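There are 2 protein chains.
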Amino acid sequence: MRYKVITISREFGSGGRTVGKQLAEKLGIPCYDREIIEKVAEESGYDKQYIEETGEYTKGGILNTIFQSRSYGYSPSNEDIIWKIQAELIRKLAREGPCVIVGRCADYILRDDPEVLRVFIHASMEFRAKRIVEEYGEREDSPQKRLRDKDKQRTAYYDYYTDMRFGDGRNYHLCLDSGELGIDKCVDILAGVVK
Amino acid sequence: MRYKVITISREFGSGGRTVGKQLAEKLGIPCYDREIIEKVAEESGYDKQYIEETGEYTKGGILNTIFQSRSYGYSPSNEDIIWKIQAELIRKLAREGPCVIVGRCADYILRDDPEVLRVFIHASMEFRAKRIVEEYGEREDSPQKRLRDKDKQRTAYYDYYTDMRFGDGRNYHLCLDSGELGIDKCVDILAGVVK
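Here the protein sequences come in this chain order: D and E.
Counted the way the working numbering counts, the first sequence spans residues 91 to 285.
Counted the way the working numbering counts, the second sequence spans residues 91 to 285.
If you are wondering where the hints come from, they were derived from the structure by calculation, not from laboratory data.
Just so you know, these numbers come straight off a predicted model, no measurement behind them.
Where is the CB? At the ideal position from N, CA and C, for every residue including glycine.
Treat the hints with care, since some could be wrong.
Said to hold, decoys possible - Selected chain D positions facing chain E (Cβ under 10 Å, derived; list incomplete):
hint, residue
1, L117
2, G118
3, Y250
4, G257
5, D267
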């Protein structure tokens with residue numbers, strides 16, 4: 091294989107996780123996604139759901155972090171602690187052998203490794219709205235509002251912990267619109283690049 | 091073919107034009123690039139080199155346009171006139187039959203047409219610097235400075251005439267790093283999607 095690790099960044103609801111899982115299966119290598127949450131929970135002692143929410147999204151936590159460090163001198167927030175454990179784990183997984191890593195800013199954490207292929211999966215609001223209702227069911231908020239909230243939180247998290255802009259095409263080797271191309275075609279294209 | 095038109099947006103020096111030419115050849119359809127400049131020159135009476143410079147880049151022209159319209163009420167600038175002729179020509183080319191169109195905000199102009207595949211080609215500063223010296227020779231300014239200037243002008247032009255952000259992965263169906271993947275691989279991927 092030309093690449094050791096494939097990182098998949100993705101918009102919420104785009105099917106990026108499915109692309110990652112299917113690609114890993116096709117290549118016969120592991121795919122790390124929720125496994126990362128479980129391992130960070132083990133190491134940090136924080137609750138799994140809490141890590142899921144703060145290890146990639148922020149609900150004002152970033153503002154707390156900034157406020158805290160400016161006002162009282164630096165003391166790491168929960169987000170900072172989780173970020174550090176997560177980053178170390180991702181570097182360890184990348185060293186251990188070929189794999190696919192979904193989300194968690196792995197593209198940024200491994201940015202200096204020439205054997206890493208960086209991928210971004212995105213799709214239109216319509217495609218993602220339909221998909222999250224199928225996958226997670228209806229909620230009180232409309233699917234459009236749920237997507238807007240998640241997009242905002244994920245962008246804030248990414249832009250705070252990296253020096254790059256979430257979704258900028260130039261951060262990635264490939265960006266694919268899964269709604270336009272279809273999940274299977276995305277997997278085919280990526281397998282063709284990696285092999 | 092699944093798509094009637096393929097638009098190729100690209101960073102200066104990334105080889106996006108070459109990708110467009112080779113893709114068109116592979117598909118047996120025309121590729122419009124400098125032909126657009128010539129046709130706009132014919133229709134507008136402006137000089138070809140002037141159109142090349144103002145039909146995709148700006149050197150303060152955009153600021154003139156904003157200033158002019160705010161201070162004296164709206165009267166179209168040269169940029170506005172060229173934009174309008176260019177946009178009409180691009181719509182006409184898309185109606186005439188299958189083709190590849192390189193640059194000139196064709197992705198934005200044809201954004202509502204479901205038979206258009208929108209592509210962005212980019213590459214690292216190192217790859218592009220090497221390439222522009224090979225292609226256009228040495229100049230007084232360093233290749234890095236030439237790239238930064240061109241990037242700035244092209245971004246300003248795009249962001250002014252469209253309501254999108256130049257280089258944002260979510261504007262395109264595919265974004266490909268030609269430095270990482272190679273020109274030939276980019277052409278292969280695109281031919282595989284279009285056919």
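Structure-based check of all given hints:
The criterion of a C-beta within 10 Å of any C-beta in chain E is not met by L117 of chain D, whose closest approach is roughly 17 Å, and the hint is violated. For G118 of chain D, the interface hint is violated, since its Cβ never comes within 10 Å of a Cβ in chain E; the closest pair sits about 22 Å apart. For Y250 of chain D, the interface hint is violated, since its Cβ never comes within 10 Å of a Cβ in chain E; the closest pair sits about 19 Å apart. With a cut of 10 Å, the hint placing G257 of chain D at the interface with chain E holds, because the nearest CB-to-CB distance is about 5 Å.
Given hint, D267 of chain D at the interface with chain E, holds; its Cβ is 4 Å from that chain's nearest Cβ, closer than 10 Å.
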